[in-house]
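There are 2 protein chains.
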Amino acid sequence: MSKLLAVGTVAFDAIETPFGKTDKILGGSGTFVGLAAAQFGVQTGVVSVVGGDFPQAYLDMMNQRGINTEGVEIVEDGKTFFWSGKYHNDMNSRDTLVTELNVLADFTPIVPASFKDSAIVMLGNLHPLTQNSVLDQLNEKPKLVILDTMNFWMDAALEDLHSVLKRVDVITINDEEARQLSGEYSLVNAANKIHKMGPKFVIIKKGEHGALLFNKEEVFFAPALPLEEVFDPTGAGDSFAGGFIGYLEKTNDISFENMKRAVIYGSAIASFCVEKFGTQKLEEITENDLKERVQKFVNLVQFNV
Amino acid sequence: MSKLLAVGTVAFDAIETPFGKTDKILGGSGTFVGLAAAQFGVQTGVVSVVGGDFPQAYLDMMNQRGINTEGVEIVEDGKTFFWSGKYHNDMNSRDTLVTELNVLADFTPIVPASFKDSAIVMLGNLHPLTQNSVLDQLNEKPKLVILDTMNFWMDAALEDLHSVLKRVDVITINDEEARQLSGEYSLVNAANKIHKMGPKFVIIKKGEHGALLFNKEEVFFAPALPLEEVFDPTGAGDSFAGGFIGYLEKTNDISFENMKRAVIYGSAIASFCVEKFGTQKLEEITENDLKERVQKFVNLVQFNV
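So the sequences go chain by chain: A and B.
The first sequence: position 247 = 247 (the working numbering), numbered continuously.
The second sequence: position 246 = 1246 (the working numbering), numbered continuously.
Just chain A, same shape as in the assembly (with noise of 0.2 Å):
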């Protein structure tokens, strides 16, 4: 069985949205990947640091649904990194109110030998020498590299971006930031743009709007689902490409009708995370559920001509 690495945070949230508020939750890109991938039951390996006061229990539940945290290193003296934000009415737009990055600030990710061998990485939303030095890890070029970022990155590091993207095969990106890091609006045009910096494969994320998969020649189309209820966006965004890349490992397949499918499945799995506050609903979800839902999906944009 192949092996899926995904670095990222692993990181305690503090979510005010219209429906609520939450104390420290358990959070970050790392955890909502592993957690997503994990819905396929491939082997996924988190690569992150967390502080001393980080409980056991969160460790444990990931544990159980299948994520090794061999890589993810505690720092007994150290805090986890903390992110609080409030959502305004429209989930669309948030404030960040706390962001203490603790442990975070010093991180320098080793990747555990079993996981050097892994098929497909993802290089969650974090600097990009650190993402590049995870690739320097491992034993040979994975099969598949998705890279996340954020336009953070490409004010502060646009350079060291630029060379990690090189090494890369799947760039998972918001619409804005596809306008930044291009220079163009229209994000046919800004697609083609970042093509040439590396990614073979675009796919810009329009959250309530779906996403775009973008290869150099097609253009494919995942909407979301249109909710009643949008109760938490935390994490959506990271379980789509935890879905993305879960359901190619587990598929062993990295055609572009099956990259349809995986967008599709990542869709669908964000779907879901936004039913509960923090990581509550990935933990619940079954096969089923899962089933249910991309069926879903086909309901929702499948016509006949």
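Any given hint might turn out to be false.
[Claimed, not checked] No more than 30 Å apart at the CA atoms, straight line, and that leaves these computed lysine-lysine pairs for BS3-like:
hint, chain 1, residue 1, chain 2, residue 2
1, B, 1200, B, 1166
2, A, 260, B, 1260
3, B, 1296, A, 260
4, B, 1260, A, 193
5, A, 86, A, 196
6, A, 296, B, 1276
7, A, 276, B, 1296
8, A, 206, B, 1193
[As the list claims (entries may be wrong)] Computed list of chain A residues with no C-beta within reach of chain B, every gap over 12 Å:
hint, residue
9, 65
10, 84
11, 227
Hints are computed from structural coordinates only; laboratory data are not their basis.
For glycine and all other residues, C-beta sits at the position ideal for the given N, C-alpha and C.
Given the coordinates of chain A, assemble chain B onto it according to the supplied hints.
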């Protein structure tokens, strides 16, 4: 052969976009609806009003495309409705520079005798009382009544709008207007509330993010085609509506399954409309162009699980 009736404006537009600027050109909701429906070779009657300044050549062009303009009243000593607008760089917002109602101020639509038995009736974005008066003139309840409206009428004539909505089968409305009309942020909840006002089918237009078609149990999503360039968005919503009803009229089938196809055809025609200024592109497209464009929509969303 059954008939299609469209009530709306026939007007002059002067448009400025980041790509260029026009003098007064042909515009108006009735014009775009008629030209879009005409792609399907159905018998379409437009009811509207113009002034003595309206070029006969425009009417000739509409007639040549198969549009019956018997219902377009010409007020010889009046001036044609004129709108001028400037689009912002993102093409999603615009400033209205000039609105001269002119002959539209006293418009009382008169349905020609030959179209009083129309099977499908499109009530373009006009005062709800004007929309109501059109329905009153028909011999019998049409097979399908489609209504377009906007926030202006929700602010100025909400009670009248509710009155006409009771007589309507399909409403087309944009996302912000759906939220205003229903008082619900979630589009799923908005559609549920609007169903209760009368329309069995609710189409929520999201511009570059596509369109949602709801009946009381199901939802269908049609994406917008990702385009390299949107040249001029004027008339896209009306072209969508015209394509939708033109397809329904041609196929003589108002089942939900066929409405899905109609929404795709409407989206395809709207995607042509935005490629050139005003009605220019709608005057050029062939049956084969349309077929190819619809295939692009199939490719855009088609996947197998």
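Now the hints, each set against the structure:
no.	hint	verdict
1	B:1200 with B:1166	10 Å, holds
2	A:260 with B:1260	21 Å, holds
3	B:1296 with A:260	15 Å, holds
4	B:1260 with A:193	34 Å, violated
5	A:86 with A:196	37 Å, violated
6	A:296 with B:1276	36 Å, violated
7	A:276 with B:1296	36 Å, violated
8	A:206 with B:1193	26 Å, holds
9	65	23 Å, holds
10	84	24 Å, holds
11	227	6 Å, violated
In the structure shown, a violation is registered for the earlier hints numbered 4, 5, 6, 7, 11, in ascending order.
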